[in-house]
Amino acid sequence: MKVLLINGSPHEKGCTYAALAEMAKVLNEEGIETTIFHIGRAPVGGCVGCGGCVKAGKCVFGGPVVDVLPLVQEADGIVFGAPVHYATAAAGMLGFMHRLAYSAGRYLRHKPAAVVTSARRAGTVSALDAMMKIPTFYEMPLVNSTYWPMVHGSNAEEAAKDEEGMQIMRNLARNMAWMLRCIEAGKAAGIEAPTAESGSRTNFIR
Numbered sequence: 222m223k224v225l226l227i228n229g230s231p232h233e234k235g236c237t238y239a240a241l242a243e244m245a246k247v248l249n250e251e252g253i254e255t256t257i258f259h260i261g262r263a264p265v266g267g268c269v270g271c272g273g274c275v276k277a278g279k280c281v282f283g284g285p286v287v288d289v290l291p292l293v294q295e296a297d298g299i300v301f302g303a304p305v306h307y308a309t310a311a312a313g314m315l316g317f318m319h320r321l322a323y324s325a326g327r328y329l330r331h332k333p334a335a336v337v338t339s340a341r342r343a344g345t346v347s348a349l350d351a352m353m354k355i356p357t358f359y360e361m362p363l364v365n366s367t368y369w370p371m372v373h374g375s376n377a378e379e380a381a382k383d384e385e386g387m388q389i390m391r392n393l394a395r396n397m398a399w400m401l402r403c404i405e406a407g408k409a410a411g412i413e414a415p416t417a418e419s420g421s422r423t424n425f426i427r
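So in the numbering used here, the last spot in the sequence shown is 427, and the numbers never skip.
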């Protein structure tokens, strides 16, 4: 089994990385392969609704949204991590998630997902809320921990000293491993993912 951890911070080895690395360590101990993918420092714009991905099969603007696709396809579970910027998740990560979901949502469906954030002080809950919107839209079972999945600090070293935060990351990783094994056991027993109904689209203007 494989878990992809996506680092949406402009700092490749910052606080968000410290949280994801703690998760990866536990997942590896559980016998699960991990990859931490950094979206990079270049600005990542949001989806512009051009529809190009419908024909191309991927986002036509390229960048990390396209680079990550092979890893997304191979992954059994995905963790989305980002720091707090202006009381919500970093804009680059939100743009990345929106474009990834719209252009490649078919690769996300029914894969367990977790969201993680980091901050010096405040804004963590609203950041988590913003990132959770994507997994819930694409039928990704949300993996939770023993508290909101966040760490605090101004750099990776400080985040690593957040004992409760790191404990939350370890518990989150164990819950991810447990859910992946439950899904694997279900498939072995002949239980397949449900097929969603489609076709009904109701607007609120008559």
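Calculated from the structure, these hints are not laboratory results.
This one's a predicted model, so the numbers in the text were calculated from it and none came from an experiment.
Backbone N, C-alpha and C fix where the C-beta goes; we use that ideal spot for every residue, glycine too.
Just to be clear, a hint being listed does not mean it is correct.
The calculated lysine-lysine pairs, modelled on PhoX-like cross-linking and capped at a C-alpha distance of 20 Å, are [said to hold, decoys possible]:
1. Lys408 to Lys234
2. Lys382 to Lys246
3. Lys246 to Lys279
4. Lys234 to Lys246
Computed Cβ-Cβ distance ranges for the label pairs, DEER-style [claimed, not checked]:
5. Phe282 to Arg342: 19 to 25 Å
6. Tyr368 to Gly420: 36 to 42 Å
7. Ala343 to Ala277: 37 to 43 Å
8. Ala312 to Gly273: 17 to 23 Å
9. Glu250 to Phe282: 33 to 39 Å
10. Lys382 to Thr423: 32 to 38 Å
11. Thr423 to Lys246: 42 to 48 Å
12. Gly273 to Tyr368: 39 to 45 Å
Original post:
Okay, which hints does this one fail, numbers in order?
Top reply: 1, 3, 5 and 10
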